[in-house]
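J.: Keeping their order, the protein sequence lines are chains H and F.
1 is the number of the first residue of the first sequence in the working numbering; add one for each residue after it.
1 is the number of the first residue of the second sequence in the working numbering; add one for each residue after it.
Keep in mind the hints are simulated off the structure, nothing from the lab.
Some hints could be false.
[To be verified] With the C-beta cut set under 7 Å, the calculated list includes, among others, these residues of chain F facing chain H:
1. P110
2. T717
3. K752
4. R754
5. M756
6. I757
7. P758
8. V944
9. A957
[Stated by the list, open to error] Keeping only pairs whose Cα atoms sit at most 30 Å apart, straight-line, the calculated DSBU-like set for lysine-lysine is:
10. K607/F / K617/F
11. K977/F / K987/F
12. K190/H / K126/H
13. K57/F / K6/F
14. K110/H / K142/H
15. K132/H / K189/H
16. K127/F / K39/F
17. K75/H / K127/F
18. K75/H / K45/F
19. K146/H / K132/H
20. K977/F / K514/F
21. K142/H / K126/H
22. K45/F / K146/H
23. K481/F / K395/F
24. K32/F / K206/F
25. K75/H / K39/F
26. K45/F / K142/H
27. K8/F / K75/H
[Stated by the list, open to error] Output of the computed footprint for chain F on chain H, the stretches with three or more beta carbons under 8 Å from beta carbons of chain F:
28. 57-71
29. 74-87
Glycine is no exception: its CB is placed at the ideal position from the N, C-alpha and C atoms.
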Amino acid sequence: MTSELDIFVGNTTLIDEDVYRLWLDGYSVSDAVVLRVCSGILEQTGATAAVLQSDTMDHYRTFHMLERLLHAPPKMLHQLIFQIPPSRQALLIESYYAFDEAFVREVLGKKLFKGTKKDLDDISTKTGITLKSCRRHLDNFKRVFKVVEEMRGSLVDNIQQHFLLSDRLARDYAAIVFFANNRFETGKKKLHYLSFGDFAFCAELMIQNWTLRAIDSQVDDMDMDLDKEFLQDLKELKVLVADKDLLDLHKSLVCTALRGKLGVFSEMEANFKNLSRGLVNVAAKLTHNKDVRDLFVDLVEKFVEPCRSDHWPLNEY
Amino acid sequence: MPGKLKVKIVAGRHLPVMDRASDLTDAFVEVKFGNTTFKTDVYLKSLNPQWNSEWFKFEVDDEDLQDEPLQITVLDHDTYSANDAIGKVYIDIDPLLYSEAATVISGWFPIYDTIHGIRGEINVVVKVDLFNDLNRFRQSSCGVKFFCTTSIPKCYRAVIIHGFVEELVVNEDPEYQWIDRIRTPRASNEARQRLISLMSGELQRKIGLKVLEMRGNAVVGYLQCFDLEGESGLVVRAIGTACTLDKLSSPAALLPACNSPSREMKESPLVHPPSHGCRSTHNSPIHTATGSRLTQNFSVSVPTLIYTGMGSGSAGKEGGPFKALLRQQTQSALEQREFPFFTLTAFPPGFLVHVGGVVSARSVKLLDRIHNPDEPETRDAWWAEIRQEIKSHAKALGCHAVVGYSESTSICEEVCILSASGTAAVLNPRFLQDGTVEGCLEPRLEENLPAGCGFCHIPYDELNMPFPAHLTYCNNCRKQKVPDVLFTTIDLPVDATVIGKGCLIQARLCRLKKKAQAEANATAISNLLPFMEYEVHTQLMNKLKLKAMNALFGLRIQITVGENMLMGLASATGVYLAALPTPGGIQIAGKTPNDGSYEQHISHMQKKINDTIAKNKELYEINPPEISEEIIGSPIPEPRQRSRLLRSQSESSDEVTELDLSHGKKDAFVLEIDDTDAMEDVHSLLTDVPPPSGFYSCNTEIMPGINNWTSEIQMFTSVRVIRLSSLNLTNQALNKNFNDLCENLLKSLYFKLRSMIPCCLCHVNFTVSLPEDELIQVTVTAVAITFDKNQALQTTKTHAEKLLQRASTDNEELLQFPLELCSDSLPSHPFPPAKEHLESASSNSGIPAAQRDRCSSWIELIKLKAQTIRRGSIKTTVTVEKASPMGEGNFRNRSAPPCANSTVGVVKMTPLSFIPGAKITKYLGIINMFFIRETTSLREEGGVSGFLHAFIAEVFAMVRAHVAALGGNAVVSYIMKQCVFMENPNKNQAQCLINVSGDAVVFVRESELEVVSAQQPAANCQPSCPGGEVTT
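Next comes chain F alone, as it looks inside the complex (with noise of 0.2 Å):
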């Protein structure tokens, strides 16, 4: 239980003048750890003091070890008035807690001050002594580990993942407290700077307890959030996924260890060849299916619906035993647990087996003083209550899980709209229980096989579906069925087969709402929600079309509130995955027919857009194999429009209303612009600018379609805030001022980050938030990644290659398989190339190949199927492989010695999991800051932007000192989770708050790595001196 934490202090460097008289300062330290305070000795008239103190020792219980941080402060000593207090240093020492973590804290770290910012730095040496076995005292939870990136860590192996965790702490904000009115800005910015590491810390014990409970080690997708709820109180809530982790430490047990889970996959159907081939002749009455089909599709292509009903009755059935199996089995590990619930947004290889789409749920609340710190029920029972739904909305399409699952709020006085949204998901049960090894066993559906289009296939029953919803048969293996669009919050499967590139795609939009009081606001407020749901909705899919895509990742929809407005600005990324059809065009329609220039103006519209979306296939290297349409056809005539989102909002009084955002009965995707509101909607759809060229942008982890990535990268803050000038505003003018900021915030990034073309924006994440009445905020956080554009040549090469080789194939109705499968081991290939091209050539022309004498394309398809069965195994290890660098690893880090090198380190920050080119080696723990700066001279300090800049790049340096200290040479999964930002111009006073958190890492450029495990001793001081090594 008990634990000793050492503390020295070591020196300090660059301090501020405090003595006016003599340009010098007489400098000392304050150790502080709980109740227990150190000082240091005077060290007289110097701005850079050595102190070079004895080892401060506290004895401390490990419940305090977590919770507490070590506070350091650093005064200047006055003989005859108080001592000036120069700055802070809070350091979590929480990383020092589990064992393959830092063993130590030592570097220089900025002395930061609430209203002067940084001054000068600080040399301190912290250490840990546990004494006992951790796990046995279970009010602490030491030894847990924790992640914010949210997919497994790449040195590590998930043997279990067992489920949601969530904890929730309150009090009462001290900036509220009545004494708050009696004590300086500084003294109260600090209260509440420590109150909230505090609470963080507390939090991570909580959750860490919980943890230990459900028998996990690690949580993984560790999201923290405050909320400020202002008079209310102070809210700190956190969710992640617990998980058993197992480190990837010698490379012998590497290999195997991780690859086992898609090689038992792969190589299952061969180890029960019944099974297998019980299921090649459950495939044949979809192929005589499809085929009668096809040859009704040539005629005019408008197959009946009662043929559709026929060939899905017949899937449904044979997929039904599978089916149901799995979601028994999914369904029993999946039941003791409340919420089955996953953070994270990237899976082992087998995990997802299906998707569903995206499910959220918001709810408005009125604020109230938290009367009772100690029992935070009703803020627990709020977010039970938003999860419960999304339970039964993941339900209701077929899914047992929530995938990609997050939660945020929104505030505004007394009102707070709570959100919550996931993707509804079908996983696979062997990771959720203990019985790993029957789990592989198993019979497997045959979903399981085709990787790249298993996600896409329907959970949920299509004789009742829980939406009008237009399905077709994959692309890809032709047996199961697929939406016509898929939205998903989560990343794109490493496995999915996707054509071309993606894009960011965002929907934006205003909403004027009145001002009121307290409830009814909130009535106001629900009544607007809805309709901002729909309207963000048909943006999104209006751009996707126009994108000529057809599936979005990553969708994350931010609805903010202010006084007098609502925001809704929804950010994605759209891919064309190569399973799900060919999205239609998009059609314009007027209301007045009879008017003649009126017609004129509508087909000039019309042209617009049909050339836009020509111009993006072309600019996202979108070219589907076209004929595979003309041939198979779709099941349905016209592509329908159709909702992927399930969603409700209720109110306070817990009301329940579901919407379904599909659009009816609609046939075809027509705009129909009856009034200038409409008119509006498409002029904004054909204003978003592409990128430049070299440029691209996605919000996921990786883009699609980009694989050669450089090592140089740049992340990146950029804030804006606009005034809104009039008062008088319309919803029009409103949404083309918020348009207008994000896509000129946009342009100036692509501007500023031109010298790194050919580059990709990546984890581009927007935050809208209203500080005041005429205010807009956006806050963007990105990493623009180079990547090389010779190779990028050779894969779009490698990739038409594909391509061909699918088009060819897909007219011998072959396409069981992604044929990326087989691309790569190409000797063993069937087909010579030069011939395969000859056969596209020839399929081109359409009927000759579709004439094809089915029986021996049947032999052929068997044929082929056994080949690439075997060589989907080959394959599939190489993916996995490339999927977690640390496969090949066979060079692990042990704790790093600090090295006392002089010159800063560079530390990398990214929002992304991983680093291009390099391998990590080692995770340090986690970073999660709490700044607060304010400021009582804000024209002196550059006005308001001269303070952000500052401060930012403040909150940056602190973020890579406590990475160089823990002996870390990068922050991945970095985020800024809250930058609150206010300001009084007429008082000259500006407040800043910002929580940023990542986990700090220790990373080898892939280029050393050769070397370094060639040669063991040198490695060890590889990454302790980060100084070496000078790269961006």
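Bound conformation, chain H alone (with noise of 0.2 Å):
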């Protein structure tokens, strides 16, 4: 006696969230089985192991309908084939494009279509992420890339629009993007030390501050490209290096800032000349692509190193 076919289908679709979780971490369904069996849930409910693969295959079945709808997340709004609670279409999102940060890392600033994927394998094994986990997340990565690449208006605004997600996930996707899109440098060893949220971090503050938008809030423009004229802008910078009194100048401008906020400020204070011209140098060459991509290999270089040799108990910014 072998099962030919075996189905489930409920007016309101059924979701197990811990078989999502599974799904999601792209465990096959032998896999999944073994694993709900060691959560002692035949013990709690008495099941047997049968009833266990039948119920995780449906699921893993329904997962994998559901799955073309995740891929445009308003378009689950509007489907009909599944009826699925408004709270239970959010956490199915959310938890989809939620990523892991260890797999984030390694693919943070990289080029997104090309090379990345024959990469997977070693990043599967480094992080220890399944190899199909790892592909949803590259994939949910230039989903979400292609899609708000040549939209205008804000970056966070546009992912969260079109992806339904949480505020914090669409910041963090907001980041990747902005990550690949300016193609920054992060896997160098030098960097190693820095999480996806560090790099967040940044991103949230450039997007905002240096970006085409972040000049002229009028102009509807992309959160995604550096704005080159302020790029530019930062060349003049030298001056601040180059003229004495300039520099003096900035010195005290900056030292009324952050006196008192700062509790290594006479060692800041000492240093300013040095520092100061490490940050003003990576700056100035910004106009050059090559340049932007090391930017935070070159800010590691030649403003913390400096600083942590100094035992700076602080980070860049």
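Could you use the hints to bring the two separately framed chains together as a complex?
T.: Here it is in structure tokens:
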């Protein structure tokens, strides 16, 4: 006696969050069954392994069918095939787009379309995330990137609108998209100590201050690209190092601004010239694409490392 | 006669990409009705086209309006080649044809393609203007309402229940026409869908005509089925119950209207005191008889048969004239009817007087090509024959009507088994005639009074019983005779007194059969049938005893024929009826008593069985007042197995053989395990696992013993197909496989729905089919409803109280009336509960209470009776309101204006006729849909499971979309009538046909109702924006 066909369809689509989690994590049906058995569900419910197998298969099939809709969340909202309460829908979407920071850290700033795919295997072994899940992560990034790439308006808003993500998740995606677009180098060994959260924070500030819209909020342009003019202006900053008077003026201004707020104020004051020179040099080079990519490497080399050598307890910014 | 149909195509969304180059689609829409077609403009390069078309107007006969579906085709415009079809939407406009139902159909419909499934959605608005008075035109039957619900719909009142209507239309199946060889699968599927849609429209119209002839205005319990006879054609047949319904409209008219039947009934005895008094004197002989029997019973509890004969003789005499009178009335009412059948399973209070038992008939036919589709006489004759048989069975049971009637077929190649079954019953003539008023003045039998047991009393003359039966006095009223076991196809009457909870009971059986051709095959099948019936019945009886219950409701026996086997599956809900005697246990007897170890084994089995019974009693909270058994005893010593089934099956040769399923002269219910076969049976009895705690299941509308439903419901369909492994199968192996299949399926359901605990699976409907040689397909549709455990505790407490009361009164022999009547009105109760407790405690010791002075108990009896009657009338009004929530409903929803809310509203689906915690305010019309889905890329779509899963989800979606477009927010009485699945994995192909139906309704949550009634204008938009309610 073999089971040829075994399905369960509810008027309200049944979703088991635990199984969804397992599916998202890229486990195969048999692995998921093993994991569920380990969770002690059989003892709790008195079910048999066969029941669990059938149940898992069924959920996986449902998720597989839902996946198409998850790729375009607004469709999920209007589709008629699966009757899912809105709260559940939100949960499905949110978990689908949620990502593992370890994975993001690996691909952050990399070109999302080429090359990375064959590296997925390596990332998978490195991070312990299943290949399937890695692929979902990457596909999510690519999808979001592709949709908002050419769009005007706020990056976060766009992502939120087209993927119905929570504010937090949308911000993270904005950071990922921003990094991918500008191809900031984040993989260098020197940068390994920085977490995704650190970069996301940088990205947010940069989006807020360095992009086109940041300059003129009336210009309803993209958040993705750095403002060329602004970068050009940064070049002018060279005077801050070249001209002694300006250097002093800058120093006094910064010092007044930071006085009392910085625990290591005196060290900062002492090293101001070096630090400032480092920063200004990095800034001045940003008109070149290659240098933009190396922004974070440079920053760490020129700014953070000297600071650290002086045992500053603080991070940059 | 003419009507104007207006259609507007608004927009599309989520269309598929039809042009690979641009990743877009140039879509336009064809709107077709009858032979007229309109087209919209082509909306270039968009997946979300906004056509916003003009109103397309069709001027048509209302006959066409009834028959034809509106056909909307979405196409992709192609300048150079033929336009590609994206998909279609069929809209049944029938709901727009009756005045009270929907006025507009407007909403998003899934665009469906038989090859690709759902491909986007289209927004359509449909309206109908009818010009003339509809009833003048007899070719059409616009205005006759159809309901799938097998009870009187909640916001209506039955004025008259006219009776059975049936119709049948046949046609050639497009799939088998010569043209099918040259056309595409899509064209063939669409031809089929369209034809069936047309045929069901025609069928409905013809049934409507019959209803109008009977002067009815509605069909309730409408059941339409397709027989895919293959080569020989396509049959669409329908049965239903014609009624004259009154809409309960204004709150003022509502209360009296709704309560009147019951009030009339209950009050009439008070209005006619003479008849009442007369009745009490009638009672005396029985009572003395019972009393004297009691004392005798105490000695050893073996009363003589002669004595029983005497007792029953006196009962027979006094009951005689009334019964005869009633019979006469009913007869005259039913006489005009060819078939006094009713497809209803639940009835207005007082409608059902007695229930005789299950009647069923089967017949094996050889299909031949239908030569002339306009004259479907052969098929008609076949059914007429079967119905005749049912009628005669009912007569043999002393009944004039059959309720809970249904028909079904099972087809394999050219052999077809036609089955019909129902419950023989005696009905109250009052509802059947136009002369309603006189009806209520007629003297009534006393059975009408004790509402909780009346229907259990035997309708036949016990002196010449149709079959060897074992009768006892009713445990409730002690006056009338009741059988020891009762099988019925109907729902549990609302007023029935049940002890404990019910449970789903299934009998499953397989029988191998040799492959044969034509007549030989038919003969083989008809030879097997009686044995199958017998075994199914035995299994049911065994399982019922094992559950310590004594009645089955909603019994449905399905016999399925396959190439090389026959399958029998019987499902029913077992309950313990307080009126019926306590079921005896099961005894096991071995054939070879001299073998010591064998003996031991037997006693071991016996112990296991007894343990199971005890466990089940606990599980289902069956704790009947055992004391009564002791004191009153049963007039016949051992409970004897007896059958309530009277059936026969006939072969095509018209030879009718009657099959008596009673176990002959066997005195006790003994299982003889004389061979391995029987051993297996006993084992299989014990392998049935009860549902996990927190779960209950039944196949009736409501679960006896649970009444505090909460609002969460989950309807589902589950399908399983298994392939039998070996070719040389034995019956035992087959049985085991089948049993495991069903059990595992149930287990899976319990597991899946575990988050809803405590919950009950209601209306569990199993369907078995044998699509191929070694394949068994089981389809289950049911609804899981949550209930409140805390409240449940409360009710069990009151229940226990009730039991106590019963126990105490039993001893005083006051159990003339179901005591639930008193329990609600405690303040007026003669005894304080504490005293009752004492009394029952004392009565537990048995003798003192029984020895009580008869005289005083007589006086008390009369006193109490008078009180109970008064109280009874109060109480029953309450039950009526409970039974039909519209009773207190003082809110009526006007036609809901379509709400242009873009979010998808929740549409509930349930196979039940009600929605827990909500009030149905409006019936919008019948939903009857037929879909075909085919694939040539089975593997790519996730194999058979993926294919069918997606298809069923799509069917649900289309049903929901239609309901939402009608302005409704739920489907009740939903049923998946057919799910025919065929696969050919080698060719990577599969095909599936699904037929579903139900009633589209608007419901309002009871909690919202108060707000709504206070604020009428707000109410109008309430149901139209179901998006607001997010419940499941």
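J.: Decide, hint by hint, whether the structure agrees.
T.: Structure-based check of each hint:
no.	hint	verdict
1	P110	holds (5 Å)
2	T717	holds (5 Å)
3	K752	holds (6 Å)
4	R754	holds (6 Å)
5	M756	violated (10 Å)
6	I757	violated (10 Å)
7	P758	violated (14 Å)
8	V944	holds (5 Å)
9	A957	holds (4 Å)
10	K607/F / K617/F	holds (15 Å)
11	K977/F / K987/F	holds (28 Å)
12	K190/H / K126/H	holds (18 Å)
13	K57/F / K6/F	holds (5 Å)
14	K110/H / K142/H	holds (11 Å)
15	K132/H / K189/H	holds (27 Å)
16	K127/F / K39/F	holds (18 Å)
17	K75/H / K127/F	holds (29 Å)
18	K75/H / K45/F	holds (19 Å)
19	K146/H / K132/H	holds (21 Å)
20	K977/F / K514/F	holds (29 Å)
21	K142/H / K126/H	holds (21 Å)
22	K45/F / K146/H	holds (21 Å)
23	K481/F / K395/F	holds (19 Å)
24	K32/F / K206/F	holds (23 Å)
25	K75/H / K39/F	holds (27 Å)
26	K45/F / K142/H	holds (25 Å)
27	K8/F / K75/H	holds (24 Å)
28	57-71	holds (count 6)
29	74-87	holds (count 11)
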